[in-house]
Structures are given as C-alpha cells and as structure tokens.
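Letter by letter, the chains look like this.
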Amino acid sequence: MTPEMLIGSITLFVLSIFLGVELITKVPAMLHTPLMSGANAISGISVVGALLGANVAYDGGQTVVSGILAFVALVLAMINVVGGFAVTNRMLNMIAGKKRGA
Amino acid sequence: MFEDWVSFGYLLSAVLFVIGLKKLGHPRTAPKGNQYGMMGMGVAVITTIIDMHLMPGGIVGWTIIGAGILIGSIIGYIMAVKVEMTGMPEMVALFNGFGGAASALVALSETWKWIETTSPEAGLETTVTVVAAGLSALVGWMTLTGSLLAMYKLKGGIEVFGKWIRTPTWGPAWLNPVKGLLFISVLALIYLSIEDPTNTDYLWAIIGISCVLGIILVLPIGGADMPVVVSLLNSLSGIAAAFTGFIINNSVLIVAGSLVGASGLILTVIMCKAMNRQLIDVLFKSFGGSEKQELTRTKVGSDADEVAMMADGAQKIIIVPGYGMAVSQCQHQVKEFADLMADKFDTEIKYAIHPVAGRMPGHMNVLLAEANVPYEQLIEMDEINSEFSECDMAIVIGANDTCNPAARTGEGPLAGMPIIDADQARTVVIIKRSLSVGYAGVDNDLFYEDKTMMLFGDGKAMMTDLNNAIKEL
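Chains as they are written, first to last, in the numbering used here: chain A, 1 to 102; chain B, 1 to 473.
Keep in mind the hints are simulated off the structure, nothing from the lab. Heads up, the beta-carbon is just placed ideally off N, CA and C, and yes, glycines get one too. Fair warning: there could be bad hints in the mix.
Unchecked claim - Example chain A residues on the side facing chain B (calculated, C-beta under 7 angstroms, incomplete):
1. 11
2. 64
3. 72
4. 82
5. 88
6. 92
Take the sequences, apply the hints, and build the full model.
Right under this line is the structure:
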C-alpha cells in the first residue's frame, strides 16, 4: 500500500460521510423503518470482501482458516443483503402499494 | 487496464446506492429507491466476480463461492418472506447483526491470511491494516452482540428449554464509566498490536471486549427506545464495512459503508426527535422503569354493550391505535368495527397515527395496511388533532403515553412530547388491560375523566365483544 492509495481511501471515506449526512434530511415517520432496513441491506456490501476472501480457500492450505471465516462472512452477508432488500420491499408494498391501489 | 473497469463498476454501484438512499426517504419514490439499492448491490457483486475471474489464477473456489451465495440468499429470502408483519423490527435487528458480523469476519479473515502468509514489517501497510482491522472488529462485533440483544428485547424475552425468560433491562449509573473504560482499552490494544502485529492474543482480546461492549450498550435501554438503538447499530454496521474496505483497499466498501454509517446516524437523530428524546439520553440514561408513579386513583370499567350504545348513530369516530393493538394483533377486528359502523350508521372513520406509536415508526401503518384499511383513513397526528373536537368518539386501543395530557403541562418525563388530542373528543373509549402507567411511567389523567369509558381487557377480545354488541344494536 502506498501513501497515495491511503490518502485516496481516506478522501473517499470523508466525502462519503458528508454525502451520507446531506442525503437524509426530512423523512416522514412512516418511512423510518423501511429506510433503516434498506440502508441495512446496503451495509451488507461487505459481501464483496467476503467473495474476494472466500476465493482463496483452496489456495495452498495455509489459508484454510481464513477461507472458512470468509465463507461464513459470505453466508451472513448474503442473508443480510437478500433478506434486507426483501423485507424492505414487503414493508414498502404494505405502506406505499396500498396508497396507489386505493 | 482492466483494473479501471473494475473501479468503474464499483463507481456505478456507489452511484446507485446514493440514488437509492435518496429515493427511500420520500413516500412516492421509496419502492424505486429499494430497487436502486438492489441494482447497486447486483452491480457490485457481478463486478467482483468478473474481477476475480480475470485475476491471475482466476476463481479457485467456485463451489465455495456458489454455495455461499446460494445458502445465504435462500436463508435470507425465506426469513424475509416468512416473518410476520409484527416481527419486522426484530428481523431488521437480526439482519443488521449479520451484516456487522460479516464485516468483522472479513476483517478477521484478511488479518489471519496476512499474518500467516506474510511476515509483516513495521510500516504504513502494517499500521493501516492493524488499525482498520481493530476498528472493524470493535464496531462489527459490537454490532453483532448489540443487535442480537436488541432483537430479544424487541421480542420481549427468550425461550430456553420451554421456559420464557424476559429480556432484562438493567443499567446502573456505574455502567457508563465501564463502557468508556472498555472502549479505551480496545483502542489501547489496537495501539499495542501496531508494535506487535503477529500477536493474536491482542486480536482475541479486542473481539472479546467488543462483544461485551455491544451487550452492555444495549442492556440498559428500555423496549420502546429499541428502534433508535437498532437504527444506531445499523449506522455502526455501515462503519464496520467501511473499515473493512480500508483493509482490503476496496473503494465500494468504503463508499457504501460510510454512506450507510452517516445516513443511518442522521436517521437515528430524526427518530429521536420524533420521540422528543436526545440520543445521548437514550444511550446513557436509563429511562422508565425506575421512577414510575404510584397509582392512587381508580376508575370503574365499562363493558362492550355500554360502548356500543354510545357509538349508536355516531357520525365520526377516530381510532387511536397503539402498541396494545400490535400485541393483541387485533387490527382485523378494528377494521371489522370500522366496516360495521360505516354500514350501519354511515359513520366516518379515521385513524390517528402518532409518529412513535408502537415499537417502530410506521408500525401502525403497516399493521392497518395488513388489515386492508384504506390508506386515506390513516392520518398523521398533526393533521388530525384539529378534528377531535368535532368527533363523537375517540377509541384508544392500547395506547397510553401518546395521548397523555400530562405532556402538555411541561413537567415530567413526557414534557413537550407531541400528543394526540384524543381528550378533545366528545366521548373517549380506552381499551387497555389495566390503569397501569405507560412506558414513561406517568399516570394518565385522561383515564379518569367523566367522558372516558375504560374497557379493561385484551385488545382482540374487547374489539370482538364490541363488534358483537354493535351487530346486536
């Protein structure tokens, strides 16, 4: 890792935090839970890291432990992602779907 | 050359996340927002798989990766589809815990691989990896244990060998310095492991302390504050993903993680405001439970027939649902009552929704929507409060603090909380199991007014009785 890469990462980190703060302003109470649930599904993005980690499972045997850890992470992250989006979808259908239908 | 395309895929996915989060905040665009989020995740996963395929050596663990994706997707989907509407907050808490654990496990897996396959030397890379791994472990494991405890708190208890054990709420004042001490000790351990990166004892200690921290952070917090805590934990799991991104040097993890972290924190603050609470108070001051008022008054209960007689010929009835409706699952009986009244007397029925009624924001909307109550009849507090003075009857089902006039006096725990003006109605019917105080521990004057009729009992049983009584009119 070079200092340039680290600075790049920190820049991304700081700017994304500011963007995240600005993104959410006024949210009606009815949408608090779906928004929380949707954001929660997005935080399952560590699935990307788990995929990269799980790929090395057969890589020589030295890294078996780390492969197993990555596999468990992959399963948990996928539950978070798929379950999170599905549950958000259900909530939104209950709230917003009825509004359109009526 | 190819690296650039991978970065481009991650950029696209980050843009989709931003649009998704933005759209999720508005009622009209929320379903679209969720779809953008899904697309963003899809793009990120596909980009990663292509990236791995094109890496020197390609994908060596196809079966492992395929199995992991498949198992996780199936479990997640089944859990999401099977869960009852009332169990949603618990489910979100559980998923959130899994997300935090996933980030922490990826960090652990990378650290492990790094210790075993390289001989770390002091330098920038070592420092960054150790610090990021330590912080990711702190936040991730804390999120896991905190979320699991939050889930059982939302459920109210846990069944062990057939015995129901209530989830305790316990938080003496000395617990706060302990939290601070544990937090500082984790930071100290991270600092120590920069000097000695291969010492796994530090790693285990960090993980252990973080797990304890998650538990003692959530333990003192009362049940009704749980949505705020779950939202905060959600923010933390985003931050954990961002720290993990620093370890594996992955831009999309950093961007998506910090986006969720920041927007989740803002959402937490918004939720606190709706409950007229300060985030700091929620986290560090035990609330309710200890200083509950003693009841010194009594009120004679009414019965369903009496209430039905009062409801006879009513022109306008406003229903005020609360947590009690969720517990007794009586939304279908409530809807039946509304239909009966509309058929028999052409009564106008509306529902007054307090922003924090129930166990999560939007709880009442979801339950009533499940019973097919038309959306236009659900009115938010600010809009409906002026209508109570012209309504014949307000029916409060399992709500207490949200319509307690004590909030207007400016004293006590409820001071300043916006309430539903149910006391302005000509007659007030309150369905509740007893006169006991609500979550805030304040006695409710509304119960003792002459125009108030108390129906003591379970929401479902009482609504069924009431419906039968209306049919017999």
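- What are the numbers of the hints the structure violates, in ascending order? The structure conflicts with hints 1, 2, although it agrees with all the remaining ones.
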